[in-house]
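> From first to last, the protein sequence lines are chains A and B.
Going by this note's numbering, the letters in the first sequence line up with residues 35 to 476, in that order.
Going by this note's numbering, the letters in the second sequence line up with residues 431 to 904, in that order.
To be clear, the hints were calculated from the coordinates, so they are not data collected in a lab.
Glycine is no exception: its CB is placed at the ideal position from the N, C-alpha and C atoms.
Treat the hints with caution; some may be incorrect.
To be verified - Here are the in silico distance ranges between beta carbons for each label pair:
#1 Gly-442(A) to Asp-735(B): 21 to 27 Å
#2 Asp-687(B) to Asp-125(A): 49 to 55 Å
#3 Asp-65(A) to Asp-664(B): 30 to 36 Å
Stated by the list, open to error - So the derived list for chain A, only partly shown, Cβ under 10 Å to chain B, looks like this:
#4 His-46
#5 Glu-88
#6 Val-217
Listed below, chain by chain, are the residues.
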Amino acid sequence: MTQTDGSPFAPHTDAETAAMLESIGVDTEADLFDIPAEVAFDGEFGIESRSEQEIRGELRRLFARNDDLTEFMGRGHYSHYVPSIVDHLSDRAEFLTSYTQYQPEITQGFLQALFEYQSMLVELTGLPVANCSMYDGATALAEAALLADRVRQTSGHRILVPEFLRDGKRSVLENYVDGAGLVVDAYPMDDGNVDREALVDLADEETAMIYAENPTVRGTIEEGLTEIGTIASDTEALFCLGSDLVALSLLQEPASVGADVVVGEADVLGLSTSYGMGLGIFATRDAFLRQVPGRLVGVGEDSDDRRAYTLTLQTREQHIRKERATSNICTNQAWVALRAAMHIASHGPDGLVDLAEDCVRDAAALADRVDRIAGYQAPVHDRHHFREFVVRSDQPADRVATALEAEGFAVHAIADHLLQICITETNAHATDELIAALQEAA
Amino acid sequence: MIYDQARYTEGDKHEPLLSEKDTTTVEVGGTDSPLPDDLTRDDLTLPGLSEPELARHYTRLSQMNWSIDSGPYPLGSCTMKYNPKFTEDVAADPNAAIHPDRSADSAQGNLGLLYGLQEYLAAIGGMDAVTLQPPAGAAGEFTGILVAKAYHDHHDNDRSEVIIPASAHGTNFATAAMAGYDVVELTADEDGRVDLEALKAAVSEETAALMLTNPNTVGLFERDIVEIAETVHDAGGLLYYDGANLNALLGRGRPGDMGFDIMHYNVHKTFATPHGGGGPGAGPVGVVDDLAAFLPSPRIEKTDDGEFERFEPDHTIGKVHGFSGNWLVLIKAYAYIARLGDDGLADASAKAVLNANYLADQLELAVPYGPFHHEFAATAGDRDAADVAKRMLDFGVHPPTTKWPEMVPEAMLTEPTEIESKRTLDRLAEAFNNAYSDTDEAIETAPSRTTASRIDQVSAARTPRLSWQALDDE
Ligand SMILES: Cc1ncc(COP(=O)(O)O)c(C=O)c1O
Numbered sequence: 035m036t037q038t039d040g041s042p043f044a045p046h047t048d049a050e051t052a053a054m055l056e057s058i059g060v061d062t063e064a065d066l067f068d069i070p071a072e073v074a075f076d077g078e079f080g081i082e083s084r085s086e087q088e089i090r091g092e093l094r095r096l097f098a099r100n101d102d103l104t105e106f107m108g109r110g111h112y113s114h115y116v117p118s119i120v121d122h123l124s125d126r127a128e129f130l131t132s133y134t135q136y137q138p139e140i141t142q143g144f145l146q147a148l149f150e151y152q153s154m155l156v157e158l159t160g161l162p163v164a165n166c167s168m169y170d171g172a173t174a175l176a177e178a179a180l181l182a183d184r185v186r187q188t189s190g191h192r193i194l195v196p197e198f199l200r201d202g203k204r205s206v207l208e209n210y211v212d213g214a215g216l217v218v219d220a221y222p223m224d225d226g227n228v229d230r231e232a233l234v235d236l237a238d239e240e241t242a243m244i245y246a247e248n249p250t251v252r253g254t255i256e257e258g259l260t261e262i263g264t265i266a267s268d269t270e271a272l273f274c275l276g277s278d279l280v281a282l283s284l285l286q287e288p289a290s291v292g293a294d295v296v297v298g299e300a301d302v303l304g305l306s307t308s309y310g311m312g313l314g315i316f317a318t319r320d321a322f323l324r325q326v327p328g329r330l331v332g333v334g335e336d337s338d339d340r341r342a343y344t345l346t347l348q349t350r351e352q353h354i355r356k357e358r359a360t361s362n363i364c365t366n367q368a369w370v371a372l373r374a375a376m377h378i379a380s381h382g383p384d385g386l387v388d389l390a391e392d393c394v395r396d397a398a399a400l401a402d403r404v405d406r407i408a409g410y411q412a413p414v415h416d417r418h419h420f421r422e423f424v425v426r427s428d429q430p431a432d433r434v435a436t437a438l439e440a441e442g443f444a445v446h447a448i449a450d451h452l453l454q455i456c457i458t459e460t461n462a463h464a465t466d467e468l469i470a471a472l473q474e475a476a
Numbered sequence: 431m432i433y434d435q436a437r438y439t440e441g442d443k444h445e446p447l448l449s450e451k452d453t454t455t456v457e458v459g460g461t462d463s464p465l466p467d468d469l470t471r472d473d474l475t476l477p478g479l480s481e482p483e484l485a486r487h488y489t490r491l492s493q494m495n496w497s498i499d500s501g502p503y504p505l506g507s508c509t510m511k512y513n514p515k516f517t518e519d520v521a522a523d524p525n526a527a528i529h530p531d532r533s534a535d536s537a538q539g540n541l542g543l544l545y546g547l548q549e550y551l552a553a554i555g556g557m558d559a560v561t562l563q564p565p566a567g568a569a570g571e572f573t574g575i576l577v578a579k580a581y582h583d584h585h586d587n588d589r590s591e592v593i594i595p596a597s598a599h600g601t602n603f604a605t606a607a608m609a610g611y612d613v614v615e616l617t618a619d620e621d622g623r624v625d626l627e628a629l630k631a632a633v634s635e636e637t638a639a640l641m642l643t644n645p646n647t648v649g650l651f652e653r654d655i656v657e658i659a660e661t662v663h664d665a666g667g668l669l670y671y672d673g674a675n676l677n678a679l680l681g682r683g684r685p686g687d688m689g690f691d692i693m694h695y696n697v698h699k700t701f702a703t704p705h706g707g708g709g710p711g712a713g714p715v716g717v718v719d720d721l722a723a724f725l726p727s728p729r730i731e732k733t734d735d736g737e738f739e740r741f742e743p744d745h746t747i748g749k750v751h752g753f754s755g756n757w758l759v760l761i762k763a764y765a766y767i768a769r770l771g772d773d774g775l776a777d778a779s780a781k782a783v784l785n786a787n788y789l790a791d792q793l794e795l796a797v798p799y800g801p802f803h804h805e806f807a808a809t810a811g812d813r814d815a816a817d818v819a820k821r822m823l824d825f826g827v828h829p830p831t832t833k834w835p836e837m838v839p840e841a842m843l844t845e846p847t848e849i850e851s852k853r854t855l856d857r858l859a860e861a862f863n864n865a866y867s868d869t870d871e872a873i874e875t876a877p878s879r880t881t882a883s884r885i886d887q888v889s890a891a892r893t894p895r896l897s898w899q900a901l902d903d904e
């Protein structure tokens with residue numbers, strides 16, 4: 035079979051094309067297009083076709099232009115080692131090249147995997163309802179605020195968030211809630227934890243939702259979750275807690291501290307560093323089931339009375355409810371959720387707890403070593419830490435970060451004299467070198 | 431032509447859940463813990479399986495799943511193309527796996543890819559500026575409508591309405607509402623296209639934008655597009671292009687040349703990135719010059735000496751994704767576009783349109799609206815489209831999108847894409863025709879050879895069981 039020029043992924047031979055045109059009753063492919071001449075495009079994009087081999091070479095050379103740095107970075111995007119089995123199984127074409135399970139009878143495999151993912155989130159959060167994905171932690175937080183607006187009985191239109199929130203997350207939140215007429219205000223932090231006295235003063239009947247993180251974006255573990263939950267319920271605001279799958283394996287269970295919604299980064303498992311690509315957690319209480327955004331997989335039965343999985347409660351969704359839908363989300367992050375579930379399963383509960391405990395121990399140990407170098411104080415906040423911590427540097431933080439980059443390391447410079455350093459099993463081997471480079475840059 | 435999918439056929443068996451294969455509880459905290467007990471959970475209960483057991487579990491599940499690589503998947507509006515394997519290898523390059531907060535100096539490779547893709551997409555859409563941040567088509571719509579809103583606000587021009595044809599995808603309506611607009615729904619004319627008179631009556635100084643899919647959701651090109659654009663622009667509104675159907679136009683028409691001001695590209699459709707069982711995708715947004723200053727931040731530019739830099743557009747709306755969107759998907763889209771080039775892209779459209787027309791021609795079902803392009807909405811007439819679709823499953827093909835758009839009764843919206851050969855289309859047509867002409871009983875009880883037989887969705891929704899914990903509680 036010889037293919038015609040053009041798309042290498044269109045299998046038509048000239049003879050087949052001719053036969054098909056004849057069967058339709060037209061002379062050329064162009065006759066099939068009904069585009070008025072005044073708007074037809076007959077120019078060139080100027081994109082030259084390359085072979086597979088050429089493109090692989092071209093992009094290998096392009097990506098080699100990224101400096102080869104050992105990253106000690108986090109702040110919402112983390113690097114955990116993803117075992118090979120996750121790549122191999124998730125890359126099976128039956129998973130990777132399928133789509134939303136509009137025909138559940140023939141897509142039971144993916145539905146079951148998503149149902150298992152939802153169940154794992156139920157265990158980790160303690161909340162009974164988890165959807166099968168949001169785009170990322172930032173959009174999940176934004177969707178939580180919109181849910182709070184829908185379910186709240188009173189007229190509150192204020193979302194309270196920590197003063198220390200990643201700029202990008204705050205911006206996404208503001209963009210999503212603007213149309214609903216909600217405003218976002220920050221409450222202060224007290225040495226890396228929520229300033230609860232200030233929060234009590236700020237929280238009022240205007241408050242629709244209080245958002246807190248554990249761990250916070252600065253890596254501190256929040257010690258006042260139960261009180262924050264009480265402050266929220268006293269003002270009839272929803273309590274939304276941000277976290278991630280590894281932290282949830284170890285830290286206080288959200289349901290036990292009164293969380294109404296849990297959002298955050300599920301991509302910490304299943305995806306390693308990927309320039310910020312994400313997977314958003316969304317879990318909530320039964321009472322809000324019909325207000326949940328995104329897709330839900332449920333169990334039903336088939337006509338032979340066997341257990342069967344299906345997308346369910348779809349009347350919440352845009353394709354049925356249109357402008358009254360709970361969200362506009364359609365295509366989501368299903369394959370990333372599949373990978374996260376595989377990664378969780380490959381760790382098992384003890385592996386996950388071990389991994390999470392290492393995130394606490396390693397951060398403390400590294401902070402301690404940094405603190406012993408003249409010119410740095412770490413951790414800046416007198417708290418327990420998870421994966422990452424803030425360092426005060428006598429030198430301007432930017433200058434230190436640039437000097438470290440020259441030595442092959444990437445860290446965050448988050449304020450004039452503040453650095454942030456994140457450690458996991460993927461960079462732990464390089465801590466001696468990092469310490470040496472910090473010493474050099476002090 | 432009967433296809434058997436992997437399944438249990440005896441008794442009430444099903445593939446056991448991970449939790450049914452193993453459930454282990456570990457205590458958390460205690461003396462060896464690095465944290466005081468009041469900061470930890472009490473215990474954690476999850477499956478703990480060995481690697482060989484997991485490999486079997488997921489391999490079994492994969493065998494119970496239909497995919498493009500399994501066979502035809504002509505879901506209308508979804509553009510289920512073959513996903514070239516090499517794009518996976520390109521995206522797996524460890525050098526590309528860097529943190530999004532890296533300095534521009536140290537991330538020239540990633541910025542270069544993003545810049546290159548911005549340029550490709552601008553050329554393909556006839557747009558002046560592109561952001562790659564939105565993580566799916568609907569997120570692209572939302573971004574585009576926020577950009578429109580920011581533009582109007584900037585000109586002290588408060589507008590409250592977005593006009594959307596009734597046949598549009600549900601995300602359009604939901605997007606406009608999320609952005610705080612009232613939706614004005616436009617019914618189609620007899621030919622299935624925008625009714626120009628109705629549009630003229632609908633526009634006003636309240637019109638922020640018209641959201642249009644072109645070709646529309648039954649595959650028809652909006653022939654009056656120039657007048658449509660004029661009508662919207664004369665009222666001070668903006669014209670938004672939903673890029674879901676761009677696969678029909680590659681190399682033959684560009685939204686920018688038709689008067690569209692804002693568009694999203696649906697890269698998991700048009701540019702063949704894998705649909706992943708529901709995602710991830712990507713929904714980059716292109717705009718004309720006047721709107722470029724409002725795009726999300728950062729965008730990427732190239733300096734005179736060939737370096738790539740991030741920059742913040744002057745009146746940026748800020749961010750629509752926590753970081754830079756679905757990075758791995760963007761790499762795959764770039765690789766696909768580079769593989770096809772000008773000729774390949776134009777050929778993809780030509781063959782997509784050829785395939786849709788050829789397939790429709792082989793069907794016993796009527797297709798009420800035409801001339802259509804890359805997809806068509808056949809009608810199952812007095813038969814239930816959902817039942818016909820279920821019967822098709824037994825023949826080893828995935829059925830089309832059913833019962834949408836509603837302007838076609840019992841619609842079967844079919845989009846074979848360019849990847850199917852004549853022989854496969856003949857087989858698909860046979861499955862279609864056989865199912866369509868089968869007995870009532872056969873179609874109402876189908877499917878029978880898939881992993882699950884017909885699922886009772888109504889009762890699944892009536893008593894939601896959304897986790898294995900919910901099953902255990904029974
Ligand atoms: C016409 C149309 N518009 C918008 C969308 C939404 O795109 P996405 O699913 O990528 O969010 C779809 C897809 O499903 C569509 O078919």
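> Hint by hint, say whether it matches the structure.
Hints versus structure:
A hinted range of 21 to 27 Å holds for the C-beta pair Gly-442(A) and Asp-735(B), which are about 24 Å apart. The hinted window of 49 to 55 Å between Asp-687(B) and Asp-125(A) is violated, with their beta carbons roughly 39 Å apart. Between Asp-65(A) and Asp-664(B), the C-beta spacing of about 34 Å keeps the proposed range 30 to 36 Å intact. Hint status for His-46(A): holds, given a least beta-carbon distance of 6 Å to chain B, under 10 Å.
Checking Glu-88(A) against chain B by beta carbon gives a least distance of about 8 Å; that is within 10 Å, so the hint holds. Hint on Val-217(A) is violated. Least Cβ distance to chain B is approximately 13 Å, over the 10 Å limit.
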